[in-house]
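> For reference, the chains in residue letters:
Number of protein chains: 2
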Amino acid sequence: MTSFPKEELNRVVRLPERGHYDKDEIYPIVDSAILCHVAFQIDGQPHVIPTLHARDGDTLLLHGSSASRMVRHAAAGHPLSVAVTQMDGIVLARTAFNHSINYRSAVLYGTARLVEDPTEKNRALELFMEKLIPQRWYDARPPNAQELKATGLLRMAITSASGKVRTGSANDHDEDLELPGWAGVVPARMMYGDPVDAPTLKPGIPAPGYVRDWVKKLNS
Amino acid sequence: MTSFPKEELNRVVRLPERGHYDKDEIYPIVDSAILCHVAFQIDGQPHVIPTLHARDGDTLLLHGSSASRMVRHAAAGHPLSVAVTQMDGIVLARTAFNHSINYRSAVLYGTARLVEDPTEKNRALELFMEKLIPQRWYDARPPNAQELKATGLLRMAITSASGKVRTGSANDHDEDLELPGWAGVVPARMMYGDPVDAPTLKPGIPAPGYVRDWVKKLNS
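Chain order of the listed sequences is A and B.
Each residue of the first sequence is one higher than the one before, counting from 238 in our numbering.
Each residue of the second sequence is one higher than the one before, counting from 238 in our numbering.
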């Protein structure tokens with residue numbers, strides 16, 4: 238399956254022409270960000286929290302603490318919704334109404350299970366870190382039994398999803414193009430700075446090349 | 238009331254020492270971002286979508302389309318949860334377990350009502366735009382009746398909230414400080430570029446000073 242069926246659950250209701258259902262469109266948005274927002278509902282009250290994610294095929298790995306409300310609730314098999322959003326710019330139109338945001342967003346649906354087997358968990362954490370910061374896993378002390386236990390790792394099967402994308406400049410109607418005001422875009426993006434040594438770092442340990450390469454790639 | 242009572246709903250469960258309940262701590266996080274994520278639940282399925290927000294005292298203005306699933310559902314008085322998250326850096330520790338993110342996040346709870354009276358709606362949209370892009374409202378054509386109708390503006394009373402903040406560098410335990418690996422932080426932030434003219438812009442209309450000032454302030 239290369240795209241998600243468009244159904245009531247994942248249908249882009251507003252501005253459907255901006256909607257995407259192909260994995261080729263949705264997954265790059267998911268992979269472009271480190272942070273996602275996970276929504277879940279407990280006793281009639283929705284919650285949404287930010288967390289780290291990494292995608293493994295049609296599965297989303299969600300990181301948390303074993304003690305967290307989200308991890309405990311999701312592990313019980315309740316449905317989740319996960320949003321990944323990148324803001325690319327702020328669009329200023331000649332008309333108040335046509336002001337907008339350039340963005341790439343993905344919303345994923347599914348249920349998750351907690352990765353509990355220590356071997357599977359260790360492998361999943363390795364994959365998770367490898368997706369986030371390539372090569373880092375092999376340069377850090379692996380989790381010990383206690384740390385492994387304190388880490389909550391969820392595998393959410395992505396059963397439905399949609400993407401929504403806006404690009405381009407101000408879209409005023411023809412009759413508004415003669416208005417005297419300025420129109421255009423203020424570009425926006427996440428920028429990552431040079432690695433800053435921890436105050437506790439022993440002298441003579443430079444930031445590794447793979448960290449510098451990763452920062453360069455994040456900024457490219 | 239200067240802080241939100243800590244209760245089951247808004248309690249920071251994991252790493253409670255990072256939790257904040259004072260409005261003085263939470264509201265600056267809310268105000269620092271343009272985008273939020275709104276969670277709501279329809280027929281047992283949580284949804285989460287990104288949208289624009291602006292705060293008016295203890296009220297959160299949420300922008301959408303009158304046609305959107307979120308606006309229609311929220312307008313019916315169902316409970317919402319809204320997250321505002323700023324990522325400030327990626328923390329690389331000597332141990333896999335202590336890798337982390339520097340962030341400021343706020344989670345707000347409440348129910349909303351749709352602003353329907355045209356005069357109130359126009360005033361709320363003015364306030365909304367004034368918070369987002371100061372002075373812009375007065376430089377753009379105001380919404381006409383049809384545009385006003387197509388815009389969905391929600392006022393959510395913030396009845397509960399919490400903030401969560403991590404700052405600083407890698408926090409490895411003493412016994413891990415002798416490990417040979419590098420540790421530190423890769424700073425992260427949203428950066429806004431110079432205004433880019435719309436292709437349809439007539440010659441001789443420069444980006445206004447208040448737009449350039451606003452971009453400078455966003456980057457400061």
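Hints may be right or wrong, so weigh each one.
Identical chains blur together in the list; that is why a pair holds if it fits in one copy or across any two.
Stated by the list, open to error - Result set (DMTMM-like, lysine to aspartate or glutamate): computed pairs, CA atoms no more than 20 Å apart in a straight line:
1) K260 x E363
2) K439 x E412
3) K439 x D411
4) K454 x D325
5) K439 x D413
Since the hints were made in silico from the structure, they are not lab data.
> Are the hints correct? Go through all of them and say.
Status of the hints after comparison with the structure:
1. For the homomeric pair K260 and E363, neither the shortest alpha-carbon distance inside one copy (24 Å) nor that between copies (39 Å) is at most 20 Å.
2. With identical chains, the CA atoms of K439 and E412 are at most 20 Å apart between copies only, with a shortest distance of 14 Å across copies and 65 Å within one.
3. Taking the shortest alpha-carbon separations for K439 and D411, only the inter-copy value of 13 Å comes in at or below 20 Å, while the best intra-copy value is 63 Å.
4. For the homomeric pair K454 and D325, the shortest alpha-carbon distances inside one copy (17 Å) and between copies (18 Å) are both at most 20 Å.
5. Proximity of K439 and D413 under a CA criterion of 20 Å is satisfied inter-copy only: 12 Å between copies versus 62 Å inside one chain copy.
Consistency with the previously given hints fails for number 1 only.
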